[in-house]
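> Take a look at the letters that make up each chain.
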Amino acid sequence: MNQEVKELIDPLNFRNSINIDGVEKSMLIDMLRKMILIRKAEEKLSEHVESGKIKCPCHLGIGQEAIGVAVALVMRKTDRAFGAHRSHAHFLALNENTYSLFAEVLGKYDGCSHGMGGSMHIVDNENGFKGSVPIVGATIPIATGAGLAAKMDKTGDIAISYFGDGSCEEGVLHESLNMASIMNLPVLYVCENNLFASHLHIDLRQPSNSTSRFAKAHQISNATVDGNDVVGMYKLLISEILEIRNNKPFYMEAYTYRWKGHVGHRDDIDVGVKRGDQLTAWKERDPIKRLFVAMKDNGIYTEQEYESLLSEIDQKINNDWNRAEMAAFPQEEFLLNPVYSN
Amino acid sequence: MKKTTNYAAGILEAYEYLLSNHKEFFIIGQGLWSPWYVGATMTDLDKKFGTERVIDCPISELATTGATVGAAVCGYRPMIVHPRVDFMLLAVDQIVTQAAKWRHMFGGNSSAPATFRAIINRGGEQGAQHSQSLHSWFAHIPGLKVVMPYTAKDARDLMISSVLSDDPVMFIDDRWLYEKEEEYTEIEIIDLNDVKPQKLRNGNDVTIVGLSYTSLLCEKACQSIEISHKITCDFFDIRVLNPLKIDDILESVKKTGRLLVVDGDWESCGMASEIITSVLEKIDVKILNNSPKRITLPNAPAPTSKVLEQQYYIKESEIMDALIQITK
Ligand SMILES: Cc1ncc(C[n+]2csc(CCOP(=O)(O)OP(=O)(O)O)c2C)c(N)n1
Ligand SMILES: [Mg+2]
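As you go down the protein sequences, you meet chains A and B in turn. If you're matching positions, the first sequence starts at 1 in the working numbering and goes up one per residue. If you're matching positions, the second sequence starts at 1001 in the working numbering and goes up one per residue.
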């Protein structure tokens, strides 16, 4: 097996605190808060998938929080992001609206898709999250089209396409990259390479574990990064964003690992795969812990401040969850009303 | 005690039979090495028959389906498994525009006898993109046979017939039937060309037609309505949607003068419309005691929210109400 990428997929590497030089304190706190909010929101979802209160399939991204947060922090509200089945982090990084997400997974009218979508179909137009869908690869060309529209708008907006390593096996990725390259579209392609597509490791699905090879083939600038280093990705994106806004596509491949199984609350047994040791090791490459330790070591944030941030977020999450549980279901007419515009 | 089996076990038995008896048969699809994707229908096939003939694959519906067609053109009897109909839609060109045309456009000089197995896997608040059936789309296509079994016996025997058929076949099974129990029978090798709708109940008042999961609902409704309202039905399970063989249903409608079709898909251009039209064309409508009726899904994508989901799917009680209405 030709493992093009070696260091980044070894969980014994990149465990230490990250380099935060040159990033302002307020930005670091934003990053930390967003990642903790996402982590705790998904832990809440996990708890209630297990309790049975949540019925819709939930694909949790615990462990992968840093990627969506780094991207969100270089986006502006008029940019357009698209996700897939594992997109809670992409959504929450932009709006921190746990109530809207919780209500949605519970099938309530207050949810971001009014209870029509559940965990796998979420949207927040105001904050630049244009939609996530669970058909693998489906939003890659849609994001590409959003890039085309942005280019026509001539406002410097960009599109963001989030997808997994598994999506790169769908032909549409190649068609989209080719198109973005030849048409100079302002699209940021973000591959969250967590090494798995449901039960199969990437080594069983692709001849190389580097999906950036597809960007290279289409002459799209690209970078291969530690997906559990929020600051590293943020700095990279800051340095690339003007080019992207200037109609140059970019492909970022971020290596990471999901802590939960493909779907649901269990660690990894749901698809019959035992990731055992690897998972334990990857939990040491925790994107939240690494940022906090860096902030603490640099005298930017104290243990007490961290504790109070945690409890503040806990409180918000609990309030939002309780409120979502109380919220109303959609009315019967709503089954047919949104089918057409009239 | 009589030996019993169920629908999922029937499919598994078909695979074991085909893998044991037909060297030219192999299976490709996502999740074939995982117990998770395909319920209990493929358990341990990879271990028993080897990963060279039970092939798990990248997330590449278009290429894997096309490769199935290609191997079929070259003498194999392969099957692609799509764990959901929705995922198969990425491969529609290969099914509809390639495989289904292959024999005819080459003047009968070649053929692509591939089997496309797709699983209907709906409910559980999965929503719009994990709940489709779309069988009538495929039944629209000349050159593509469409098989949808209801009984465990058919799930097994018609899967074997589909694979051994000289034509490309779409075989669609429904996870809501996987636990359906029935008495075990020995494998029967049937030529798919000889398969027609099967009559599973006899009655005088209404001809009722179901397919796949709606046949289960119809059968239950027929039982209940006979007890509660003394309405008796001729009940047909369609089995092969294309080519559609309507003769027995026609004879039945001539007797009952009433026709109700229950199809677990959308109304417009659907299987229910096709069945009703095929009957109406061939009878003198004056013999009808009432207008034919169809029960289908509401004209909306599947919602997730459980309250709407409950409202969305067809229920036995709806069929009973319709039977009462149509006999009024
Ligand atoms: C077209 C299509 N094929 C198959 C599936 C089933 N499926 C859902 S998620 C998934 C794995 C996707 O892997 P990846 O893109 O790496 O994302 P990850 O789950 O790792 O976040 C598969 C095969 C699907 N939803 N859509
Ligand atoms: Mg993956």
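The reader is advised that the hints may include incorrect statements.
Said to hold, decoys possible - Label pairs and their computed distance ranges (CB to CB):
(1) GLN278/A <-> SER1224/B: 22 to 32 Å
(2) GLU332/A <-> HIS1022/B: 31 to 41 Å
(3) LYS1230/B <-> ASN319/A: 54 to 64 Å
(4) GLU332/A <-> ASN1202/B: 32 to 42 Å
(5) MET1105/B <-> HIS174/A: 20 to 30 Å
Unchecked claim - Straight-line alpha carbon distances no greater than 20 Å define the calculated PhoX-like cross-link-like pairs of lysine-lysine that follow:
(6) LYS1306/B <-> LYS53/A
(7) LYS55/A <-> LYS1255/B
(8) LYS1230/B <-> LYS1196/B
No wet-lab data here; the hints were simulated from the structure. No residue lacks a Cβ here, since even glycine has one placed at the ideal position from N, Cα and C.
> Now look at each hint and say whether the structure bears it out.
Hints, one by one, checked against the model:
no., hint, in the structure
1, GLN278/A <-> SER1224/B: 22 to 32 Å, "violated (54 Å)"
2, GLU332/A <-> HIS1022/B: 31 to 41 Å, "violated (51 Å)"
3, LYS1230/B <-> ASN319/A: 54 to 64 Å, "holds (58 Å)"
4, GLU332/A <-> ASN1202/B: 32 to 42 Å, "holds (38 Å)"
5, MET1105/B <-> HIS174/A: 20 to 30 Å, "holds (28 Å)"
6, LYS1306/B <-> LYS53/A, "holds (11 Å)"
7, LYS55/A <-> LYS1255/B, "violated (46 Å)"
8, LYS1230/B <-> LYS1196/B, "violated (28 Å)"
Taken one by one, the earlier hints fail for this structure at numbers 1, 2, 7 and 8, listed in ascending order.
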